[in-house]
Amino acid sequence: MAYKIVASQCTGCGACEYECPNKAISEKGGIFIINPDKCTECEGHFDSPQCAAVCPVDGTCVPA
Amino acid sequence: MSGQIVSLAGTVAVPGGCSSKGNGACGSSGGASDMPAEIWEKVKNHPCYSEEAHHYFARMHVAVAPACNIQCNYCNRKYDCSNESRPGVVSEKLTPEQALHKVMAVAAKVPQLSVLGIAGPGDALANPHKTFRTFDLVAKALPHLKLCLSTNGLALAEHVETIKDYNVDHVTITISAVDPEIGQHIYPWIFHDHRRWTGLDAARILHERQMEGLERLVAAGILVKINSVLIPGVNDAHMAEINRVVKAKGAFLHNIMPLISDPAHGTHFGLSGQRGPTPIELAAVQDSVEGGAKLMRHCRQCRADAVGLLGEDLGAEFALDKIEDEPVFDPKVREIYMNVVEQERADRQDAEDQARRRSGGTGEPLLVAVATKGGGRINQHFGHAREFQLLEVDGQSVRFVGVRRADNYCKGGYGEEDSLEAIIKALTGVSAVLVARIGDCPRHTLAEAGITVVDDYAHDFIEASALAWWGRVMEKAGRISA
Ligand code: SF4
Ligand code: SF4
Ligand code: SF4
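For the record, the sequence lines run as chains A and B. Going by the numbering used here, the first sequence opens with residue 497, and the numbers climb by one from there. Going by the numbering used here, the second sequence opens with residue 595, and the numbers climb by one from there.
Worth flagging that the hints you see were computed from the coordinates, not collected in a lab. Ideal Cβ placement from N, Cα and C applies to all residues, glycine included. Don't take each hint at face value.
As the list claims (entries may be wrong) - Have a look at the derived ranges for each label pair, beta carbon to beta carbon:
1. Ser522(A) to Ala831(B): 43 to 49 Å
2. Ser544(A) to Lys926(B): 37 to 43 Å
3. Pro925(B) to Pro559(A): 55 to 61 Å
4. Gly867(B) to Gly540(A): 50 to 56 Å
5. Arg789(B) to Lys524(A): 47 to 53 Å
6. Glu936(B) to Asp543(A): 42 to 48 Å
7. Lys524(A) to Glu929(B): 41 to 47 Å
8. Pro559(A) to Lys734(B): 53 to 59 Å
9. Val502(A) to Asp1034(B): 33 to 39 Å
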């Protein structure tokens, strides 16, 4: 039950970090990563995973 | 440091446009006279809003806002936002603290620095914390700088109060459609209220939010400029309507920028073969809406980390790793510079007035291109010019009509034939080009293309020289009607 970021596609924009309700996303060397222990797929917060909804590159924030 | 000021002032002096207006104030490209006095007061030293100020004052952008909340068909998010910046370039991403450091370094070396803008590389208000934190730091350290920001408008309305609190007096909203039916062909999706919207819904919400943001800013007394990206076949016929709507809602400037489209940028438009407008098409649309919100024909669509005067970009010189540890800004140096500018502006206006009296009348308007590094003087070598200022002169007035870009054709001293051809193309319709110097070879080629090269006015004021040149041409042709 967690999302991940496909590193090779991430632009490093940080939009996902700002939207994540669980502070599960952080920067590492210019790109962003999801901490699977904190990610709830946004359940209980929003209808859809926020990182995937805001990410400008389709198929970058995906189920792990 | 002061050596730099002197050299700038020495070579520099005038404004681009609106010659014919009494006090020399050339507001937008249109002229101060068509702008209320209190607005002119606010913008006259702002290089983005006044063509004249572009010659004396530098602006810089800091790229602290990489995230965005919408997708535009002309944008590929691997690169900078192409709303305000140019597509296909990548800016140095900065934290607010790094941004402050960079601004201090520039202010210490470039006393012309007057404006700090946040224009991306994403959307300034999709990253509100970073944007406002940067403003906070800079306003404390360098209170004389004007602050501005650019946004797509989606998250604008809720930040108007904060924008006002930070004393931001200029905001740019990019609005390329005021009809969702058209907007949907420009914006495939937006992220709003915790979900992604597509199609007509996305375009409608964005439109409503933009209008609300615009209205609230105007109500709060903040100057609003509108940028529109001209996309042939999509919104060209719609541009007059955008102009009408934003003007009615109180925008003080409307800047129509060309779509820059290239498959290599990987944008939707680039890949689908959507082309940008030619310089002629752009000018035609700008002409068709002239008199609406004042147009800003001198906009260079600078990158999100641009630093400098006019089309200049010193951004690379101020990359973080090149900055000294503790840059010190000296307010005295800036004061000296400001005094020099006052004097230059007055001299420039005098020279123009005299030239007008001498020109002997008015007649057929001619288009001239000018090579300048700023300061309102003809002070650039043809081969070093990356852009030319276009003026229309008719013996009594000199009207700034735009900037034509030409990529540096003189690389290392020898001209390249192809790029010269590209410049000639960019100068379509121009009768003469006023330069500080030029090589024999390009002079010939230009003459063959019907463009006279004039270097008699090297280092003189632009407007006065254009008027003098016009008088000479007309006298020769015996065509002056007094
Ligand atoms: S799915 Fe939701 S909780 Fe998980 S990382 Fe993305 S935004 Fe955060
Ligand atoms: S929104 Fe997408 S591109 Fe931006 S940092 Fe997150 S994963 Fe990377
Ligand atoms: S983008 Fe346009 S408005 Fe902004 S600094 Fe450049 S020229 Fe001025």
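Hint by hint, here is what the structure shows:
1. Ser522(A) to Ala831(B): 43 to 49 Å: At roughly 47 Å between Cβ atoms, Ala831(B) and Ser522(A) fall inside 43 to 49 Å, so the hint holds.
2. Ser544(A) to Lys926(B): 37 to 43 Å: violated, 57 Å
3. Pro925(B) to Pro559(A): 55 to 61 Å: Taking Cβ atoms as reference, Pro925(B) and Pro559(A) lie about 56 Å apart, which means the hint holds.
4. Gly867(B) to Gly540(A): 50 to 56 Å: violated, 45 Å
5. Arg789(B) to Lys524(A): 47 to 53 Å: violated, 27 Å
6. Glu936(B) to Asp543(A): 42 to 48 Å: violated, 59 Å
7. Lys524(A) to Glu929(B): 41 to 47 Å: Check passed, 46 Å falls within 41 to 47 Å.
8. Pro559(A) to Lys734(B): 53 to 59 Å: Violated, since Pro559(A) and Lys734(B) (Cβ atoms, about 45 Å apart) do not stay within the stated range.
9. Val502(A) to Asp1034(B): 33 to 39 Å: For Val502(A) and Asp1034(B) the Cβ distance comes to about 57 Å; the hint is violated.
The structure is inconsistent with the numbered hints 2, 4, 5, 6, 8 and 9, although it conforms to all the rest.
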